[in-house]
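Visitor: Chain by chain, the residues run as shown.
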Amino acid sequence: MANHVESLRKPLVHGNKNLKTVTDDVVGIMDKKPTGLWWIGFIIAASALTLGIVAVSYQIMTGIGTWGLNKTVGWAFDITNFVFWVGIGHAGTLISAILFLFRQKWRTSINRSAEAMTIFAVICAGLFPIIHMGRPWMAYWMLPYPNTRGPLWVNFRSPLAWDVFAISTYLIISAVFWYIGMIPDLATVRDRAKTKVKKWIFGFLSFGWSGSFKTWHRYETVYGLLAGLAAPLVVSVHTIVSFDFATSAIPGWHTTTFPPYFVAGAVFSGFAMVLTLLIIARKAMRLEEYITVKHIENMTKVIIVTGGIVTLSYATEFFMAWYSGNGYEQFVFLNRAMGPFAWAYWIMVGCNLLTPQFFWFKKIRTNMIMVFILSIFINIGMWFERFVIIVTSLHRDFLPSAWAMYKPSYVEIATLIGSFGLFFTLFMLFIRYLPIISIGEVKSVLQFKGRHGGEK
Amino acid sequence: MQKQFKLITALIFVFGLIIVINNSTFRMPGNQQNYEPIQPIDFSHRLHAGEMEVPCQYCHYGASQSRHAGIPATSVCMNCHKYVSATRNDLRLEEEQAAAEDREMRPLTSLEIIKIYSAMGYDTQGNPLKDKKGKSVEWVKVHNVPDFVFFSHKPHITAGVDCADCHGDVASMERIKQTENLSMGWCLDCHRKDHESLEAAPERTQLLLDCATCHY
Amino acid sequence: MKKYFVVSFDNEYDLVNATQEFKNSGFTLLDAFTPYAVHGLDKAMGLKPSRLSKICFMFAFIGLTIGLYGQYWISAVNWPINIGGKPWNSLPGFMPIAFETTVLFAGLGTVFTLLWRTGVLPGRKPKIYAPDVTDDRFVIVLTKDLRSFNSEKAEEISTIHHAVEWQEKLESE
Amino acid sequence: MSKEKRYWMTKDDVTSVGSVAGPADLEMTSTEWNRRDFLKTTGFSLAAFMTACSKTPVNKAIPFLIQPEEVIPGKAYWYASTSHACGTGCGVLVKNRDSRPIKLEGSPDHPLSQGGLCPVCQASIIELYDSKRLLHTKLSGKEVSWNDLDKSVVQGLQKAREKGQQIVLLTETVTSPSTIYYIQKFLKKYSNAIHIEYDPISYSAILDAHEVNYGKRILPQYDFEKADMILSLDADFLGTWLSPTQFTKDYRKNRNLEAKHISKHIQVESRLSVSGAKADKRIVKTPAEMLQFVKDIEHSLQGKDGHGIALEIAKELKHYKGKSLVVSGVNDLAIQILVNRLNDALGNIGKTVHLKNPSFQKGGSDFAVAQLLTDMKAGKVGALLIAGVNPVYDLPEGEQFGELMKSIPTTVSFSAKNNETTELCNGVCPSPHYLESWSDDEFTAGVLSMTQPTIQGLGDTQTFRKSIAGWAGFSDDERNLVRNYWKKIYTTRKKGSQSFNRWWDNLVHDGFANIKAKSLSIGRFTKGSLPKSEFNNGLTLMAYPSLQMLDGRHAENPWLQELPDPITKLTWDNAASLSSKKAKELGLSQGEVVKLTANENSVKLPVYIQEGQSDEVIAVSMGYGRKGTERFKNLGPEWIQKKATLGDGELVGERINHLLGRNENTLSFSGISVIISKTGKKKDLALTQTYNTLKNPENTSPPSMEVRPFIQETTFDAYKKDPSSGAHHGHQVVTLWKDDHPYNKHHWGMAVDLNACTGCSACVISCQVENNVPVVGKDEVFRRRDMAWMRIDRYYSGEGDDVDVAFQPMLCQHCDNSPCEPVCPVLATVHSSEGLNQQVYNRCVGTRFCANNCPYKVRRFNWFDYAHNDELENMVLNPDVTVRSRGVMEKCSMCIQRIQEAKFEAKQKGIPLADGDINLACQQSCPADAITFGDLNDPESDISKLVEDPRHYHVLEELNSRPTVGYLTMVRNRKEEKGGNHHG
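Residue numbers (numbering that gives the first Met the number 0), protein chains in the order written: chain H, 0 to 455; chain F, 0 to 215; chain P, 0 to 172; chain Y, 0 to 983.
Hints are computed from structural coordinates only; laboratory data are not their basis.
Predicted model, so just to flag it, every value in this text is computed and none were measured.
Treat the hints with care, since some could be wrong.
Claimed, not checked - When the alpha-carbon atoms are kept at most 30 Å apart in a straight line, the in silico DSSO-like pairs for lysine-lysine are as follows:
| # | chain 1 | residue 1 | chain 2 | residue 2 |
| --- | --- | --- | --- | --- |
| 1 | P | Lys168 | H | Lys193 |
| 2 | H | Lys19 | P | Lys22 |
| 3 | Y | Lys317 | Y | Lys719 |
| 4 | Y | Lys188 | Y | Lys517 |
| 5 | P | Lys152 | P | Lys42 |
| 6 | P | Lys168 | H | Lys213 |
| 7 | P | Lys1 | F | Lys5 |
| 8 | Y | Lys322 | Y | Lys350 |
| 9 | Y | Lys259 | Y | Lys320 |
| 10 | H | Lys197 | P | Lys168 |
| 11 | Y | Lys184 | Y | Lys493 |
| 12 | P | Lys126 | H | Lys195 |
What the hints assert, rightly or not - To list a few chain F residues with every Cβ distance to chain H over 10 Å, as calculated:
| # | residue |
| --- | --- |
| 13 | Met51 |
| 14 | Glu111 |
| 15 | Thr123 |
| 16 | Ala170 |
| 17 | Thr212 |
Think of the CB as a built atom: it goes at the ideal place given N, C-alpha and C, for glycine as much as any other residue.
Isolated chain H, as found in the complex (with noise of 0.2 Å):
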């Protein structure tokens, strides 16, 4: 008697799991020594979070002026980097929630690392806005809360302030959301656990989950909930940094196209990211049975679909660059394309535009190789993509006397590889540390149904 579902779709997971085996897979992760392409990528990691560190420190400590800034360039790789990492940081939400809401079941096995990838990618975002101020310091002044000046609040008509109450929800709304998740298999892993340390640990983080029926009811409304929140959330927060330069009075800035294309360069880009790092966890974790070259394949699907939303958005803008008829709008359009930063500005269409056009052959889609390649094409395309906007808008604004060129310092390219230091060491931990696989959620769609699959 084979369940007729099985003849319709393809198993989302290979290899004939059952609800054990799945347990024993992911939990297995935690309990054996790391392999020694973790340990690698772990030291890897690991200094370039270090170097970041100092090259921070060492900015704190001297001033900005440590970045290869000027008084036309007011923003360069920081902000870059920030929304280049706000951007990847839209990939792990939007499979959980918006997948989920649309009940695509093959999410199941790639949300969790997709959400912790998330977090990581927010809290590296979240850095540079702080990193960047001249007296980060004095960064909790950018809340309203009651003080002795009067009180003075904040300016709740800067976008800088929607950043501010924009990242951090995301952040809170995505860490909850991705733990609430988690805690059915910390339960799992405090009830497998071997030492009284972990058993302790794990005892702990899992709130004393019980597995009780009355509690999942419950959970699942919740978890439908934040789903639910979290969609237009996603969506709100790319929009308002995108507002960051949509409400601004630069050219090349003060664009309304910006917040949908924002978003799609954030999905464009998170895709890419996650891509990037499944494809090394299903490696390094022997993990190719539940993240599977279908998981793979959908995804460099939904890179198409944004990719597209993007290129459309290159054309927009140089279309309403000259339908608007405003010379200045023109004029960092074509200084884009020809100008001092063309070469940003040609890896930016080449990785993104053209990249893409290769998911079309399901050869390229199946071979792991070339979609670890082209995602990391892809990253580099949306990094130079935002590097574009910034840089290119401001070095040639509105008065010739102030146009300058702007070049990164050292410490600058150190702070970039530290953020990149800072989220693969977290993402090293998580895969060490904590169940990358929502276990719970794969066996909710496991072919397998007990009598019927044969065990007994």
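Starting from the known structure of chain H, fit chains F, P and Y onto it as the hints suggest.
Guide: The following block gives chains F, P and Y in isolation, referenced to the frame of chain H:
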């Protein structure tokens, strides 16, 4: 039962903390309320401003014309202390004693006034010494406003603000003490008021709330 | 001292069917314990839909109000400051933050309510009636205190539905 | 200000006023000089939280010991005095706070400068607080007392007399009648003594030419106000030539568009100068061509054969007979004689060229110096007393001069600072800064300018006057030396019938007095014969004084080193300017270091590509490569990628004086044959502006906007027909919002008249001094992080040597709908109820969004803690303005401290603020009166009238940021042919 107990404990703790913060020396950074440092000379405002009713601007003459009210030069002290060298009590005692002992009154100089004399380079009787140069008294500044605040006494005096409004009842202070916290909120309490002595029209009040009223 | 009748299954179908039958046979279900959220079990157990979505809406509304009114009060009432010639009440400019506070309040409010109501809180010890409920066991717990509890009937239903094992438990465990 | 401000006279007991030398005696010391530290402390308030609870930082308040009369701590006092920064003698008002000068402003009533003040003079105040100043007398390198030095010098003088050797007084042009008097006494006492004057930037040829034409070696006074037609032959009279501030003021008066007629200015020059930039017509000629050109004009004037442009100009000159003026800055006798002939032929003498009331600003003789060199070589000189000049640096034969000096037994130098010459002298006499000394100067006949000390001397200094008087046998204190001289001759020179004491008091109070000019006998005009001129053809070198450095005497002034040259926008360097055509021809690019060889000497300089310059001329500014500038080696913030301002053993720029030559008896600064060769090296040029036109780069120029419309320009002809010509179409502003922000009381506004602005940059320095703007060093400027709140944008239009130049002072526009304000998350920049865009430093967290969003890019960020380490130098800081710490944004505050002060003052007096009560720092110092500031709400104010002027416009009006700083269209006196709106 236990739950309620915990809740009550927590509440008591929070309220306690608030009370402690409000009523102790625990202050926000930069807040020097109740600062009452020991000064090099035991100068009594109570005696001078209170009992003797010396007007504030006799010594702090800069207040109406300048940013700083100014600490009087030692020579200003000498305007009176050329003649007044000890407290009335001491003088009366000496007078009585001299009368009792049937002798001339000995010149008396109180220890604090000797400090003024020595600052001027005078001897203990207040007579100039030839080879001695004076040295200014180094007072401890009590009312400190951060450097990014431009505070000028002049417009405040012009607007009819009383010295005591900010400096407290100096006439009753033995040693000078900062009675107000001098926080920005405290400044604004006054700058926001439409009180009549300032003859403030609404736009005038707005003017007093401009950042550049104090920060530039 | 409360007594419980604990039945374990190894798949969700048996669990759901057994639950249905226990319920129909007039047993008092204390709870069920499963490794994942089993669909259909709520109906079998006769659980009402959760009211958390209403809670969520309430918190969202509070968040929106605080967000909007807070910004208005700060910007236009408490200390109106001329910022780039913008109106005191720059409502369109207040929207992003109002949206964020709405989501934040709704999300956190709902989650905290969930944790509070279900007692899933840091430091809590779980009540375990049978092993492996977080792994591959599906467990039904029936209250055995009532005089009406029919042990034979219970065992019978368990057997019919391929229960892996069943046992009696005391609360102290 | 001029009406209301009281000038204070120094009391006769100077010491009581200026008694405060060190910070120790000043009240509130700790707070006034450590503002920045405070900002920093609060910055770390989180960290300080713990300590702050228990510990309070103790501030000391140290009052005066003896209360000086009329000095209230914290109150500013103003004294009238005279600037000696460059020898033109502008009248200054010295702002004293707590007994120390902190700012110089032009004295509005002074007949010469008329309230203007050049950047050099503005900046000279910091040299008072130079911690590397000479403060003690030295004899052979050892510190000695004045008595010992006097003894030694007198011995030396006597020895020279015994040996029959010459005693030479080598000075700059001496303008002080009392000093001249004591010098004469000295010369009388030492009969073998001679007095030689020379000017490093020589005007010798003009003086000599007058000797040829009029039999008297004089420098006439030029009246640019009366000149309706100005022909300037390489005379940068608005920038550096002779008396630029005075000339700018006068020039401006005849460029007033309300009049039916404005002057026409034709500039013939080899390089692009500030005056050339303002000229209505600019003709580029090499020096050799220029000589021929003047001859052509003369021929045309005489009605002989004339052709081309020379004929045209001659015709025009003729048209303005008696109302024209020909000047030349070329130090060449032939050209100067021709200029005299032209002026005579045009009947300008006595009208625009005054010989009877000549200028004494420059009187040096190149011939005398050449003679001195010969004498020195012959060993005839036994004692050399040098004052105010630096011959080892200044003279082309400087090195030789230094060698020869060594063999002279007695050499004494009077200088405020160590320089190339003092290093080689036996005796070093520290001169006081002019702000600590007494002086009387007659810079132009009939105007006596007074200099009084405004601070007690910071060192053991003494004026040249006092020493020379002492050696001549007149010992007295500084003040009496001057006063007694005037007491003696008072009756012969006075105007009016005041008693001497009264006259003296007024003189000191006003800073100047009109006196009777000494009568001069001027001979009748004779044509004279033209000497041969040696202007080489082919590639020639031209050395010119840059507006900041002049002859190099202010090379140690950090403000001037960082002031961008108005034309090149170059700081911290001089460069070899080449025309773009020539550079292309030679295959040189900007910044490439080339070797220039002339007169057997060579120098290595980076190339700067300059528009509007003759292809056959390499122009290099003088005043660089001064010893002492090595002090700036480590100026600027320290960090890993910092490039030192100077390399090891390097000086700021290169000295080029040794490349100059002598032409008969005059020093030639131009037309010197030069060989240029590549070195293969490159040098970073710290430019504050790198894109020089309003035209978009060719490959990225959009079809709808070839030229950016920031400069409105028209011709006078077009302006007369339509005053709004040159204007761009106005933008209709529609708003959805109701206006929440009426400005009920005041609404401050500013207008900058582009027609008046000469780009001289006086405002830039004035702002820097007033607002404590830091100096950041070459590397930071190179990285485009200069901090000046006010910058002067300079745009070229046209091509090759036919370029037009427009200057546009750019400062915070104080937009009513400021783009910067809504983006600040912490309310650090908000709008005041008087329409000012306020920047609150202590609230700023440094997101820099405001600067990014500023369409005018006028915000400045403190990338580092810029050095304020020099305690003495910090005395120049304005105590009313916060010194900004690292990490905060800053920008023009519209001198809010001045607005506030004026309001306090008016409030105290109980009278409303009147138009003109508030003078901003930039506005006050502007020699061209280009800046007007006032209340837009007052319909009678000057600014309100200017806003209504058809010429008034806003830059980037279409953004609807509603700036309150506006500009007035530039009008060139041209025929309409070139069309209005050249710039766009």
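Visitor: Does each hint hold? Answer for all of them.
Guide: Consistency of the hints with the structure:
The straight-line distance between the Cα atoms of Lys168(P) and Lys193(H) is roughly 25 Å, inside the 30 Å bound, and the hint therefore holds. For the proposed pair Lys19(H) and Lys22(P), the alpha carbon gap of about 29 Å is at most 30 Å, so the pair holds. Proximity of Lys317(Y) to Lys719(Y) is assessed by CA-CA distance (about 24 Å); at most 30 Å being required, the pair is judged to hold. Restraint check: the Cα-Cα separation between Lys188(Y) and Lys517(Y) comes to about 25 Å, which is no more than 30 Å; the hinted pair holds.
The hinted pair formed by Lys152(P) and Lys42(P) meets the criterion: a straight-line CA distance of about 22 Å does not exceed 30 Å. Between Lys168(P) and Lys213(H) the alpha-carbon distance is near 20 Å, which keeps this suggested pair within the 30 Å criterion. Our distance criterion of 30 Å between C-alpha atoms is met by Lys1(P) and Lys5(F), whose separation comes to about 28 Å. About 7 Å separates the Cα atoms of Lys322(Y) and Lys350(Y), which keeps this hinted pair within 30 Å; it holds.
Simply put, Lys259(Y) and Lys320(Y) have alpha-carbon atoms about 18 Å apart, close enough for the 30 Å limit, and the pair holds. Between Lys197(H) and Lys168(P) the CA atoms are separated by roughly 27 Å; this keeps the pair inside 30 Å, and the hint holds. With a C-alpha separation of about 23 Å, the suggested pair Lys184(Y) and Lys493(Y) falls inside the 30 Å cut-off, and the hint holds. Using a Cα cut-off of 30 Å, the hinted pair Lys126(P) and Lys195(H) holds, with the two alpha carbons roughly 18 Å apart.
At roughly 37 Å, the least C-beta separation between Met51(F) and chain H is larger than 10 Å, which holds for a residue marked as non-interface. The beta carbon of Glu111(F) is kept farther than 10 Å from every beta carbon of chain H, the shortest such distance being approximately 37 Å. Listed as outside the interface, Thr123(F) is consistent with that label: its C-beta sits roughly 48 Å from the nearest C-beta of chain H, beyond the 10 Å cut-off. Residue-level check passed: Ala170(F) sits 28 Å from the nearest beta carbon of chain H, beyond 10 Å.
Every CB of chain H lies more than 10 Å from the CB of Thr212(F), the least distance being 12 Å, so the non-interface label holds.
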